[in-house]
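Below are the chains, spelled out letter by letter.
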Amino acid sequence: MKKKADIRQFISTAVPYIGLVLLIIISIATGGKSFMAAKNLRNIMTQSSILMVVAVGTAFVMAHGDMDFANGGTMGLAMVVTLALCKGIPSWAVFPMCLAVGTFIGVAIGFLVTRLRVVAFIVGMCIMRLSSAILYTTTNKKTWLAPAGVVKLNKPWFYLMVCLGMVIAGIVFFEFTKIGQYNKLIGVNRNAASLSGINVNKYLVYSFAASGLCAGVAAFMTTVRTGGLSSSTGNYEVDTLIALTIGGMPLTGGSKASIRAAVIGALALTVLNNILVLWGVNADFVNVVKGMVFLTLVLISSRQNAGQVTG
Amino acid sequence: MENSGKPRLIVEHMSKNFGIVKAVQDVSLELYAGEVRGLIGENGSGKSTLSAMICGSLKPDEGTMTFDGKAFRPKSIIDARNKGIAILLQERGTIDGMSVAENMFIGMEDDFKGRFGVNRDKMHKKAKEILHQIGADHIHPADLVNAYKFEDRKLVEVGRALYTDPEILIVDETTSALSLQGREYIYNIIRDFKKKNKSVVFIGHDLDEIMHVCDRATVLKDGKYVATISGEEMNPAKMRGLMIGRENLGHYYRTDFQPDYNEKEVVLRAEHLNYKSVIRDVSLELHKQEILGVCGLSDSGMHDLAKALFGAYKLDSGTVTIMNGQKAITSTTQAVREKIAYLPKDRDSESLFMHTSIKDNISVTCFDQKKIGPLINKRHMKRVAGQQAESLNIRCSSINQLAAELSGGNKQKVVVGKWMANQADILIMDCPTRGIDVGVKAAIYDLICQMKAAGKSIIMLSEEMAEVIGMADRLLVIKDGAVQGEFLRDKTLTEHMLVEKII
Chain S
116 MKKKADIRQF ISTAVPYIGL VLLIIISIAT GGKSFMAAKN LRNIMTQSSI
166 LMVVAVGTAF VMAHGDMDFA NGGTMGLAMV VTLALCKGIP SWAVFPMCLA
216 VGTFIGVAIG FLVTRLRVVA FIVGMCIMRL SSAILYTTTN KKTWLAPAGV
266 VKLNKPWFYL MVCLGMVIAG IVFFEFTKIG QYNKLIGVNR NAASLSGINV
316 NKYLVYSFAA SGLCAGVAAF MTTVRTGGLS SSTGNYEVDT LIALTIGGMP
366 LTGGSKASIR AAVIGALALT VLNNILVLWG VNADFVNVVK GMVFLTLVLI
416 SSRQNAGQVT G
Chain X
28 MENSGKPRLI VEHMSKNFGI VKAVQDVSLE LYAGEVRGLI GENGSGKSTL
78 SAMICGSLKP DEGTMTFDGK AFRPKSIIDA RNKGIAILLQ ERGTIDGMSV
128 AENMFIGMED DFKGRFGVNR DKMHKKAKEI LHQIGADHIH PADLVNAYKF
178 EDRKLVEVGR ALYTDPEILI VDETTSALSL QGREYIYNII RDFKKKNKSV
228 VFIGHDLDEI MHVCDRATVL KDGKYVATIS GEEMNPAKMR GLMIGRENLG
278 HYYRTDFQPD YNEKEVVLRA EHLNYKSVIR DVSLELHKQE ILGVCGLSDS
328 GMHDLAKALF GAYKLDSGTV TIMNGQKAIT STTQAVREKI AYLPKDRDSE
378 SLFMHTSIKD NISVTCFDQK KIGPLINKRH MKRVAGQQAE SLNIRCSSIN
428 QLAAELSGGN KQKVVVGKWM ANQADILIMD CPTRGIDVGV KAAIYDLICQ
478 MKAAGKSIIM LSEEMAEVIG MADRLLVIKD GAVQGEFLRD KTLTEHMLVE
528 KII
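If you're matching them up, the sequences are chains S and X in order. For the first sequence, the residue numbers in the numbering used here are 116 to 426. For the second sequence, the residue numbers in the numbering used here are 28 to 530.
To be clear, the hints were calculated from the coordinates, so they are not data collected in a lab. Honestly, I wouldn't trust all of these hints.
Unchecked claim - No farther apart than 25 Å at their CA atoms in a straight line, the calculated lysine-lysine pairs in the BS3-like style are these:
| id | chain 1 | residue 1 | chain 2 | residue 2 |
| --- | --- | --- | --- | --- |
| 1 | X | Lys-315 | S | Lys-317 |
| 2 | X | Lys-248 | X | Lys-222 |
| 3 | S | Lys-293 | S | Lys-154 |
| 4 | X | Lys-248 | S | Lys-317 |
| 5 | X | Lys-372 | X | Lys-506 |
| 6 | X | Lys-341 | X | Lys-86 |
| 7 | X | Lys-176 | X | Lys-152 |
| 8 | X | Lys-86 | X | Lys-102 |
| 9 | X | Lys-398 | S | Lys-317 |
| 10 | X | Lys-176 | X | Lys-33 |
| 11 | S | Lys-293 | X | Lys-405 |
| 12 | X | Lys-97 | X | Lys-225 |
| 13 | X | Lys-372 | X | Lys-341 |
| 14 | X | Lys-155 | X | Lys-86 |
| 15 | S | Lys-270 | S | Lys-148 |
| 16 | X | Lys-153 | X | Lys-221 |
| 17 | S | Lys-293 | X | Lys-397 |
| 18 | X | Lys-97 | X | Lys-221 |
| 19 | X | Lys-176 | X | Lys-366 |
| 20 | X | Lys-518 | X | Lys-528 |
| 21 | X | Lys-366 | S | Lys-317 |
| 22 | X | Lys-398 | S | Lys-293 |
| 23 | X | Lys-409 | X | Lys-366 |
| 24 | S | Lys-317 | X | Lys-341 |
| 25 | X | Lys-341 | X | Lys-506 |
| 26 | X | Lys-366 | S | Lys-293 |
| 27 | S | Lys-405 | S | Lys-154 |
| 28 | X | Lys-303 | X | Lys-354 |
| 29 | X | Lys-315 | X | Lys-366 |
| 30 | X | Lys-102 | S | Lys-317 |
| 31 | S | Lys-317 | S | Lys-154 |
| 32 | X | Lys-33 | S | Lys-293 |
Model, not experiment: these values are computed from the prediction.
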């Protein structure tokens, strides 16, 4: 029997899917051949896969209601450490190095937030600034190239496989371990979570670690894609936020948080970006459109914030 | 009744619907001068809707009111107040960031017009005068209202209601939020009204209180008028029967009058607990199958004690030890692992995940049960939640319904379900029946007895002495954060004996 609550749940889940499908239909109809061109589709896939990986990690932090502005900065720092500090690192070590640095930064953020009680998005802002300053000074006079073995990976299947693996792992950790589930409950009511026996601080640290780890993976993907360090590495903070919101992630976290939001949102935002460029829209105006979409979604989602935790 | 002469307020054939819900149906009543009238009924019986129509905050769909011979059709709460009928609400009605005096005269600033806007001196003087009248001299008109605790804020609201010198005062479940002392203030005001031959409508859940405060009581059930009773008839059993619609309810509290627990087996021991200045050197032992009652005023520190026993505080000194395995409890996580349950006084903000399903609320303690390798077992969690909802008889459309949509009693059942799902052995229940109607209250008492019989140990903290006396094997009285006295279950134990230690 379909109950009122179930129907409401169904509708709020379906909206992002419908949006994505509509967007794709519009893109095919108006973009035609240039949208469906193999090169363009490959581009969409590469771009969305990196965004998706970052967003999967960010979903863990947003589940408990914090804004994650550290993901782009973490990516940048992971790349600086791997390519510049560990100059001449062997190809095989680039990936584990990126992962380790990303996770380390995530854990550090977790401790700043839980032990020293600094607001998460302030920490994120600092890391973002820190990263862009370091990137600027390191890339100012010198170019840092990735080991050749890493650059060889720049093939569509690589992005697809990594992205797929991260999404599956994300779903498993989010839906079937306490890390995701507890963070959602903390997002609903932190007090009640703590008084129900949940070790709130521990699971907050886990969520930041997850975000850092995903940023590390994304840093590796970016290294493969760009073949080296550039001053504009990172810059994913706002895009992940918009992508997750498009995908249906509530800004306050809680029971409606999901990995699905990262997947749908990253795809939708990339397609939107792509079609706007194909239409010949000025790059600055693309940002205006993204801003408007974000504002509209925030307005909608702040009006309906209810649902379930364990799906 | 000694009520002579014409009624002051006549309510005739009042009805109010909210969509398909018939909140009040064809209710009539007459209120006499100098009368304190109780208005009782279970949650959803229509008593608050009825009082809201009388005080002007809701418009009736049908029916008329006559006040002192004239038709009475208030347009708003302020209009009703100006015409002589004022209401005291259950929820908090003061506004943070404003002073006590500003809160008292909100909407009536014109009375204090000075040359430049509001004349604060005049306002503060008047506020002081009113606060003095109700015996609340410790509240200062110029202070921000935030500086005061809940009880004192309530008194500020009382002052607001009394400023217009109303002829009829409606007290809507105000006292259930107050401690003994706060209640005493309200009772004084009611006595004063009676002395001046004015009338009071008193709405409440606590039937003993109704019996003491009111001259007569009108019972509502499912939005309909049931009866008005007075004198001998006004006893809790009769009232309860009328409210539920059954005369014979059987037992309510425990029916045995002997302390009955395993004296030799201590399950939880607290030694010399100190926390800030709220808990002072408290030691206690909980035995197997014991219901240990703890009572005191709301600011006695007993609510903090409950949290401290559950490991929610970083104590200044002292230890809480679980005797089975001799483990010290230092965090809530550990307390839950050791099968301790905590049911807070403030359910909504400390125990429930409101905009979340009943299923998720109950299964929050079950993430480690029947794991599939490293992964959680959602099917098992859903099954457990379903079982608890069924055995506790939670009234809901499905376990996917949101907890926020449930009534107070059913919310409490969800909280109980959450701990039963974890097979808790020790339950710390802080005000387990607060804001719960009589029918569900009886079910909760029943449940506590069942848990005791099943070998569980219970610490029951409450501000309602009657329920602690009615349920506990052993009883501790807390005052100023310290244990002031201990009583064993006994037929002769009365509230009076406890009050002496409490105040």
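Hint by hint, here is what the structure shows:
no. : hint                      : result
1   : Lys-315(X) <-> Lys-317(S) : violated (33 Å)
2   : Lys-248(X) <-> Lys-222(X) : violated (31 Å)
3   : Lys-293(S) <-> Lys-154(S) : violated (41 Å)
4   : Lys-248(X) <-> Lys-317(S) : violated (49 Å)
5   : Lys-372(X) <-> Lys-506(X) : holds (18 Å)
6   : Lys-341(X) <-> Lys-86(X)  : violated (51 Å)
7   : Lys-176(X) <-> Lys-152(X) : holds (22 Å)
8   : Lys-86(X) <-> Lys-102(X)  : holds (8 Å)
9   : Lys-398(X) <-> Lys-317(S) : holds (20 Å)
10  : Lys-176(X) <-> Lys-33(X)  : violated (42 Å)
11  : Lys-293(S) <-> Lys-405(X) : holds (11 Å)
12  : Lys-97(X) <-> Lys-225(X)  : holds (17 Å)
13  : Lys-372(X) <-> Lys-341(X) : holds (20 Å)
14  : Lys-155(X) <-> Lys-86(X)  : violated (35 Å)
15  : Lys-270(S) <-> Lys-148(S) : holds (23 Å)
16  : Lys-153(X) <-> Lys-221(X) : holds (24 Å)
17  : Lys-293(S) <-> Lys-397(X) : holds (14 Å)
18  : Lys-97(X) <-> Lys-221(X)  : holds (22 Å)
19  : Lys-176(X) <-> Lys-366(X) : violated (34 Å)
20  : Lys-518(X) <-> Lys-528(X) : holds (19 Å)
21  : Lys-366(X) <-> Lys-317(S) : holds (20 Å)
22  : Lys-398(X) <-> Lys-293(S) : holds (11 Å)
23  : Lys-409(X) <-> Lys-366(X) : holds (20 Å)
24  : Lys-317(S) <-> Lys-341(X) : holds (17 Å)
25  : Lys-341(X) <-> Lys-506(X) : holds (21 Å)
26  : Lys-366(X) <-> Lys-293(S) : holds (19 Å)
27  : Lys-405(S) <-> Lys-154(S) : holds (24 Å)
28  : Lys-303(X) <-> Lys-354(X) : holds (24 Å)
29  : Lys-315(X) <-> Lys-366(X) : holds (14 Å)
30  : Lys-102(X) <-> Lys-317(S) : violated (54 Å)
31  : Lys-317(S) <-> Lys-154(S) : violated (45 Å)
32  : Lys-33(X) <-> Lys-293(S)  : violated (68 Å)
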